[in-house]
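Asks: Here are the chains, one letter per residue:
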Amino acid sequence: MTLKHIAISNLRRRKARAIFVLAGLLIGVSTVVGLITLVQAMKKDINQKLELYGANILIVPKTENLSLTYGGMALGGVSFDMQEIRQAELEKIKTIKNAANVAAVGPMVLGPVTVGKHRILMAGVDFTAAQILRPWWSVKGTIPAEGDGVIIGADASRVTGLTRGDTVRLQGRALPVTGVLEATGSQDDGLIFAPLATAQGILGKRGKISIVEVAALCSGCPIPAMVKQISAVLPSGNVMAIQQVVKGRMETIGHFQKFSYGVSALVLLVGCLMVLVTMMGSVRERTVEIGIFRAMGFRKSHVLRIILLEAGIVAAVAGIAGYVAGWGATSVLLPLFTEGAGHGAVSLDPVMAGVAVLAAIILGVAASLYPASMAARLDPNEALRAL
Amino acid sequence: MGYIDAENLIKQYGAGEAAITAVGGVSFGIDAGEFVAIMGASGSGKSTLLSMLGGLNSPTSGRFLVDGVDVFALTSDERADFRKQSIGFVFQNFHLLPYLTLAENVMLPLAIVNMSRKKKLSAAVDALAHVGLADKAARLPNQISGGEQERVAIARAVVNHPPIILADEPTGNLDSHTGVEIMKLLAALNSEGITVIMVTHSNEYAHYARRLIKLSDGRLAGEETELRRPV
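Residue numbers (the numbering used here), protein chains in the order written: chain A, 1 to 387; chain B, 1 to 231.
Since the hints were derived computationally from the structure, they do not count as laboratory data.
Everything hinted at is true.
Under the rule of at most 20 Å between Cα atoms (straight-line distance), these lysine to aspartate or glutamate pairs were calculated in the EDC-like manner:
hint, chain 1, residue 1, chain 2, residue 2
1, A, K300, B, E78
2, A, K300, B, D81
3, A, K15, A, E285
4, A, K208, A, E89
5, A, K300, B, D77
6, B, K118, B, D135
7, B, K136, B, E181
My request is simple: use the sequences and hints to build the entire structure.
Replies: Laid out in structure tokens, this is it:
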């Protein structure tokens with residue numbers, strides 16, 4: 001027989017009250033867990049989608065001229081004053097504060113070449129980075145090894161008649177066509193891609209870069225901050241974020257997150273009030289019992305511990321059940337909040353489960369402090385006269 | 001000076017002209033091992049006096065000493081410790097906790113004592129055996145009779161081996177036959193050296209004590225010693 005035994009025995013006897021306290025905390029905990037898990041899952045989903053977009057930061061040379069293009073239609077404007085970026089400067093990107101968030105840096109040199117009768121735009125790329133930056137690429141054939149060939153866009157292939165296995169002569173160099181890109185619907189369809197160093201040599205732009213694409217890992221990556229950091233280390237480049245599509249959605253999730261926290265706080269407050277009211281009722285119901293304890297020599301602190309133990313035990317159960325309920329509800333609801341197959345499953349998070357149980361115990365005990373101190377302060381003589 | 005000394009104990013409820021005097025200046029001494037009955041009509045202050053002797057109810061004035069210790073000069077926690085070590089209460093309505101077995105009810109005073117579970121259980125079974133209920137240790141209070149419940153309450157009062165038992169109308173809710181059994185049990189405990197102070201309004205049961213203190217309107221109204229126990 002210990003104080004814990006008394007607390008557990010009382011909970012067993014007064015099941016209805018225990019269930020009421022449990023329900024109050026369970027609803028609160030499951031709501032908080034559900035909403036937080038949902039927001040996290042939605043963020044994860046949007047981040048996964050963002051990564052699928054490939055590059056999300058673009059670095060182009062600074063120019064004083066405005067481009068005369070609209071809707072993909074070029075009207076003849078050429079940026080003669082364009083300062084190209086020096087390839088050696090790209091190393092500086094690795095020195096920015098958020099360098100760990102940089103997944104890939106894709107330098108590209110651009111310039112026109114003549115293939116047969118056709119003028120065609122050649123892009124020199126780092127094919128390793130290009131595959132990260134353009135996960136949608138599907139090549140019929142193989143990606144060329146360094147200095148050993150080109151791949152050609154679907155439209156360029158159709159216009160020039162070049163296909164896999166052919167050889168293209170550029171500035172006196174014979175390069176095999178190792179693959180043909182399947183149509184992407186982008187400007188890539190009209191380009192011929194060669195390894196960066198090869199293209200720089202053909203175009204006479206050794207050590208120079210026309211455009212740089214950067215893919216940032218987007219699980220919590222601060223794109224605007226990274227843009228500023230890259231701008232600081234590459235003053236010759238014009239750094240732009242290409243994340244407008246997802247930015248709006250991220251903002252929506254941000255608003256939903258704030259709303260979730262507000263709702264969670266409100267539900268927890270109501271849960272705590274339920275615990276407070278139920279525990280006060282329980283203490284009033286047990287006035288005589290508390291009087292007997294005091295007559296037997298229980299100190300005020302013993303009575304306090306019995307009440308708080310009861311609250312703590314119920315709260316711990318509510319924390320565990322609340323986490324499972326919240327996680328279950330999120331698993332069911334998540335497909336309604338995300339699109340496509342990217343939402344996946346919500347995994348059990350032991351840290352969040354621990355925090356949920358701990359928070360439930362803290363809230364349950366805190367809400368029971370006043371009823372417990374009321375019980376401890378009961379005059380034993382008055383308590384026994386309440387017969 | 002006795003083992004227990006009440007010195008001009010006064011207990012008033014309320015203040016000013018509306019104050020009601022429950023106990024109006026009572027003094028007496030009780031030696032260790034005595035069996036004392038406090039008798040009086042309803043409202044005579046006997047239960048108030050008993051609650052003061054148990055350290056539950058502070059007197060408005062006066063002193064109450066047990067073995068030379070001024071009980072009401074102690075702090076709340078010290079007074080709780082005094083009750084734990086020195087007093088065993090037997091209530092008129094038994095006050096057993098309905099959700100605990102008889103053994104668990106008897107073990108209750110040991111819940112705040114540093115002792116192994118095995119020893120606690122052994123002490124509870126011994127106490128139940130003392131009142132003839134060892135075979136019903138696993139039952140719940142609602143599975144036994146009123147007389148048996150009172151015996152369990154007595155077992156609970158003595159499980160901690162206190163030197164003093166305070167019994168408030170221990171036969172109040174029992175038939176006369178069961179009442180006599182309870183009185184014999186208290187007398188037996190007294191013969192083992194426990195000081196028993198019992199409040200009763202029954203002259204017959206009062207004679208199981210060796211000494212009778214009579215109260216009327218909160219004051220001592222007489223005292224009898226060398227009482228003859230009913231056969």
